[in-house]
Amino acid sequence: MRGRAGAASPEPLLAIEGLRMEYPVRRGLLLRQQGTVQALAGVDLTVERGECLALVGESGSGKTTLGRCALRLVEPTAGRICFDGEDLRALPAGDLRRRRRRFQMIFQDPYGSLDPRQRIGSILAEPLEIHSGLDRTARAGRVSELLSSVGLAPELAGRFPHQLSGGQRQRVGIARALACEPELLVADEPVSSLDVSVRGQILELLAALRERLGLAMLLISHDMAAVERLADRVAVMYLGRVVELAPRETLFRRPLHPYTVSLLSAIPVADPARRRNRIVLPGEPPSPLAPPPGCPFHPRCPIARPRCAAERPPLEAVGEWGGLAACFYPGEMSGESVRNGREGT
Amino acid sequence: MPENDPRDLPLLEVRDLEVSFPLAGEWTPVVCGVSLAVGRGELLGLVGESGSGKSLTALAVLGLVPPPGRVRGGHVRLAGAGGPADLLTLPLREMRRVRGGRIGMVFQEPASAFDPVYTIGFQIAEAVRAHHRISPREARDEAVRLLDRVALADARRRLGDYPHQLSGGQRQRAMIAMALAGGPDLLLADEPTTGLDVTLQAQVLELLEDLRRDLGLSVLLITHDLGVVAETCDRVVVMRAGRVVEEAEVSALFRAPVHPYTRELLAALPRLPSSPRGLGR
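Top line first, the protein sequences correspond to chains X and D.
Using our numbering, read the first sequence as starting at 1189 and increasing by one per residue.
Using our numbering, read the second sequence as starting at 9 and increasing by one per residue.
Since the hints were derived computationally from the structure, they do not count as laboratory data.
Hints are all accurate, no fakes.
Residues on chain X that point at chain D, a partial pick, calculated with CB under 10 Å:
no.: 1; residue: A1413
no.: 2; residue: Y1447
no.: 3; residue: A1461
Using C-beta positions, here's what the derived DEER-type ranges look like:
no.: 4; chain 1: X; residue 1: T1265; chain 2: D; residue 2: A260; range: 46 to 56 Å
no.: 5; chain 1: X; residue 1: R1324; chain 2: D; residue 2: P37; range: 41 to 51 Å
no.: 6; chain 1: X; residue 1: E1504; chain 2: D; residue 2: R271; range: 35 to 45 Å
no.: 7; chain 1: D; residue 1: T97; chain 2: X; residue 2: G1216; range: 56 to 66 Å
no.: 8; chain 1: D; residue 1: T97; chain 2: X; residue 2: R1305; range: 46 to 56 Å
no.: 9; chain 1: D; residue 1: D222; chain 2: X; residue 2: G1471; range: 18 to 28 Å
no.: 10; chain 1: X; residue 1: Q1306; chain 2: D; residue 2: A260; range: 43 to 53 Å
no.: 11; chain 1: D; residue 1: P37; chain 2: X; residue 2: L1219; range: 51 to 61 Å
no.: 12; chain 1: X; residue 1: L1217; chain 2: D; residue 2: T97; range: 54 to 64 Å
no.: 13; chain 1: D; residue 1: G191; chain 2: X; residue 2: S1247; range: 27 to 37 Å
no.: 14; chain 1: X; residue 1: V1225; chain 2: D; residue 2: T97; range: 52 to 62 Å
The structure presented is a predicted model; accordingly, all values stated were derived computationally and were not measured.
No residue lacks a Cβ here, since even glycine has one placed at the ideal position from N, Cα and C.
Same shape as in the complex, but just chain D:
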């Protein structure tokens, strides 16, 4: 692969990824031949229904496919200083530096992503120290800065709170702060707003867009909601039954969906034809 200007390369490139699970003594592919690329500063949506393999694709990128599943083929390249590294062949010790370091993770269930017996501040500071050699006090200050960054009100006082003391929206903000702890280039956000009320969802989506703009982050946003994609993403990849069925610019996808499955998904969305925004058009 020519590497004249690393800027031309996508930050993350997944090619021909295959993840299989043993079923009745045979490897059965659950993700088959998935290819996608996330550009620098790009917000890519990965859409599909449950079982489509979208979350498994993200887990494969991080080398976290749950056993007995296994990555059986493909490449996952993450652009870096010394050229792109194939994450699938990276030694575990280096992979650990990538997880939470170069790639930050935001999960759907912030309640279960935090350990209930430690304070928010302790856990975020721990994440900071996992990737930076700094003193506990500095890590704590960094945690405050991160919580401020995600606009959690009253950040310094929140450090001493346990996860259950935060509301759902606050927990999701704290989780995004923790994902930023390692100073990532790429954020993997798996259903980051599912389960949140729509007004809080709007806040979290706005936050992700702000982070992308201000920090130049790339975001891979995994969601089942094409509405969320329409509102935030640049490009979208639609998955079904372990395969990519459509990939397009967001505006093109919504204007003229090609695959019948995409059309089906679009038809299931609320149209609100007479919503207030439609007035006067």
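Bound-form chain X, shown alone:
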């Protein structure tokens, strides 16, 4: 982020610049290209060392694509991805592979991401075989260590994934990501598939590990409890673009972009006194095949004006709260004013 570079580390751990990802859409008998889906339409983001940046947004906003591009699991159409100062897209394949131990991923579905025919011990030992020089006995020791670090009994090393509960499987997924002591974790909806009471435990675990290991994290989530527990900064995405970027407290306290305001108000909160204060946005997010001109949010925006349909607002610093917003009228719509408006009617 501009003007935020710390003195200790001038370079952010991960710097994403102008990232674009377009998928061709082919239809018909000859599969001719009918257009392109813009999954990412030019994103700039940074993750500092030890920082947790959360990406929030609805399905189709591009947050998962961004996470995958950041680790080069998919090849973006354009843009730069710098990890510790090196452009990952310019690295030869062998060098990239050697870098991979430094950035790891936790997947949403802990069952689908574990090989059902491998025992837990061998799942955890595999990254060590590839990336570390440890011999067999040292690997076994490290596996026990990893299991206890995520709160599992070392005896579970002999089990198969189907013999574990969902929460235990997600702990294995986390242990595997930690096996090679990475500096950056990309966690794509790490608790979404878990039951509510287990979610809390996994979030606690991630927070504790982050603190202990000084991990940087890119958290992709639509779950505000996860964002609240883990994130230092939050980027709100809409239709392949970042529409607001702010420190967590600032974002929750004073959201600037009308989309962020609506999104926060739509989250069910465990307080019956607050009901009916939610802002119900009309319609659905537009198709990324044919994004609207101007501000991508203007067709659903409660405060849209003619200018919003004509020009696209850039992501700019707003006010003294340290937030950036891509809106011509940032902060004009607040939860407070909406609530008063509703109560007045």
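Position chain D against the provided structure of chain X, taking the given hints into account.
Leaving out everything else, chain D in the frame of chain X:
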């Protein structure tokens, strides 16, 4: 049971329901001794985590417990013109009239609740004709009216769409329209917003509240999300491991949860203490 005024009776009353599955040669209860009641025009939340038996309770009400499971005890009374009928002892032919007729169903996965090879209009019209003796043309008009009712934009043109042509939110609206086809008194909604984005979830919850208010529907809303309950329900029943652990008015439950498990569930919710709505309070 005294039946002076049927209005005093709850619309649906489940008492001591037990659903069991055979496990190693023994009937093992999965829902044990569940009692709950849905009043007329009431929105009752049934909350619990996966495996708590909340969906199975709803399936038992409809007589749809998947084999080898079986309802082993209890009563399910649905208030009606001729006094309450026990759905558990109803002949299959009459039960069919209750399913989709007096009780409408909304499931979590609208994509799999619709048959992919028939149009939305055909399927809703079919549901209408299953419960009313009317011509295909009238049923089609009724389908348009129902889709309008759930605020699906451009309802008449949507009739010819196949389920995959609708977005997730639109499919859920179409499904609610289909649940209304038989003119139900009670809507059983099993996780109707799970899997939808929060802004679409807000739309669907608003729709359920509108239907309750405008049509006087009773709704049994099954969800794992206490936030959803706080926003929509009048009363809530919390289930865990096949049993009801707490039942309360929504405001009371959130003010002073009694059962430790309920407290645990509440603690897992996002508090957003500094959310915009908290400003100025």
